[in-house]
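Q: Chains as they are written, first to last, in this note's numbering: chain R, 1 to 327; chain W, 1001 to 1327.
Just a few of them, taken from the derived set where beta-carbon distance is under 7 Å, the chain W residues facing chain R:
no., residue
1, F1016
2, F1086
3, G1120
4, D1122
Because the hints were derived from the structure by calculation, they are not lab data.
Please read all numbers here as calculations on a predicted model, not as lab measurements.
Glycine residues also receive a C-beta, built at the ideal position from the N, C-alpha and C atoms.
2 protein chains.
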Amino acid sequence: MGKGEFELIGWIKEQFEVPEGILGIGDDCAVMPQRDGLETLVTTDMLVDGIHFLMEDIDPYSLGWKSAAVNLSDIAGMGGKLVGTFLSIALPKNIHDGFTEEFIRGYKDISDRFNCPLLGGDTTAAKDRLCINVTVLGSCGAGQSLKRSGARPGDLVCVTGTLGDSAAGLKLVLERQSDGCGSPEAPDTERILVDRHYRPMPRIAEGLRLAATTGVNACMDISDGIGSDLRHILEASGVTARVDVRSLPLSAELRDLCARRGWDPAELALSGGEDYELLFTCRPGTPVSIPHTVIGEILAAPEGSETAGPVIIWEGTDKDFTGFRHF
Amino acid sequence: MGKGEFELIGWIKEQFEVPEGILGIGDDCAVMPQRDGLETLVTTDMLVDGIHFLMEDIDPYSLGWKSAAVNLSDIAGMGGKLVGTFLSIALPKNIHDGFTEEFIRGYKDISDRFNCPLLGGDTTAAKDRLCINVTVLGSCGAGQSLKRSGARPGDLVCVTGTLGDSAAGLKLVLERQSDGCGSPEAPDTERILVDRHYRPMPRIAEGLRLAATTGVNACMDISDGIGSDLRHILEASGVTARVDVRSLPLSAELRDLCARRGWDPAELALSGGEDYELLFTCRPGTPVSIPHTVIGEILAAPEGSETAGPVIIWEGTDKDFTGFRHF
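Here chain R stands alone, though its shape is the one from the complex (with noise of 0.2 Å):
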């Protein structure tokens, strides 16, 4: 290939001229004006067996749940309503009976649980490898999207539940693949953060309220860990940013389960990433009416610094966490 992932991605956007009002590349997603107030909202992610997940280890209805939930969170980013999704998966020969069936039911649960219905999409085989590919429709009014853009210096940074969790359960999961051993009896603890990398819970409730909330500037969804995903916003604004890394809100079960192994919290709460929770940035007095929690604040850039990239100040910790990047 020669490009890294965002090179790419950037190679590619300078390609395409976009039509004036419509915001493309770039974002969680794409917006279009539609006409008499509203804009629709477009995301698409695929999930390759070997790449996004182990065919070995999960299971198919979690496998159908997670490949609507990370799309669906991305309209839960922007702040969206959902419309209905696109469902593409190409099938390999040697899939075992039933196993359509049980990843139908995953994404039918999710998709029902936030009345966001299955619209069309396309079935084919695959020569070896299970592909996943769904296309996710919102709606919202029409400037009322969140965007990665809006990030002010003054504002609060701010996230919805916890972090790193997801990321413990990937680590628990490889583990138990090196260890040989399937699927052990987990304590309640572990099964919990498997549970939380396997079926991920968007945050559309939030995001629709976010996006009702004046004050409230700018807004993603964590996918590749803060570390990496609070760049996104600072470059797309145009800022800095402190983060107190003592202030990042940790489950129970994954303090447990770090002070267990010796692992760092703080390290899989940065960069581990598909915790599928909203990262967003507000003006300080803003009345958040979702539970969240304030990590740091965003700082105007420093003269000169356009072409270094923005450099985040983490407080709190003698790591460097600006490094970390998910490829």
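Starting from the structure of chain R, add chain W where the hints point.
A: This is chain W only, laid out in the frame that chain R set:
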């Protein structure tokens, strides 16, 4: 899997309730009302190495072109206007230098030709095989989209362009493969047919014209060959048809090649697929202002035939094409 492709799609469709006013699974596109007299069309298609194309044969430029073309064609099949596309691509690590650039160049050339911007997508790694998914958004006036379900007894059955060229092109490609010679000096005739297979031209303008013509009752694009595709129209409309195989439009190149090789052009035209022409029905006397060929007539379904599936009467041949299916 335990289910055939169409059976699986039917089963999935049954699992999901679609809100009133939305056309979900079962046509070329899903159709959703926008406010203010417009409808949104959405279609999605996945292309997998080893199933839909052969990496060792197709050049990356053509693959980019075709990935967009087969999806744009679904919008043409509904008579829609193009809004934009979303491209997901999973790239294996061993992909050769310059592949992505050439792929995007082909994708961009057809996108520019139809003034249809790329608005978003997903780039990811693949374990071994390339996988591509394209989603296209289109629009049309409320109630104006051409569905499969509108055919009525007495309608003429018509097609645009010529049929079978793409199937002949594929046959040539596979022949070269088994000969072990990658890219021989093909005579002009063969080059044209292979081009028709690798760089199909969606009939966007033609679809728009048909949607604006009173008396055009049903339409779809030809992806699986009319032996299979016409059956979709008949099933959706509850009718049957008589097709005169002698009237199928065949290109000079196809006739020439088939004469030299002893191939049956009617078989390629009916069962080959991937022509991406339009198959439509209209009342006799409808002023159809695009080049087309009348190949048959819609008939009322015989009494009590609902469960047996529509029977097409093939005239001018002693073969039975009823059994042809893509899978």
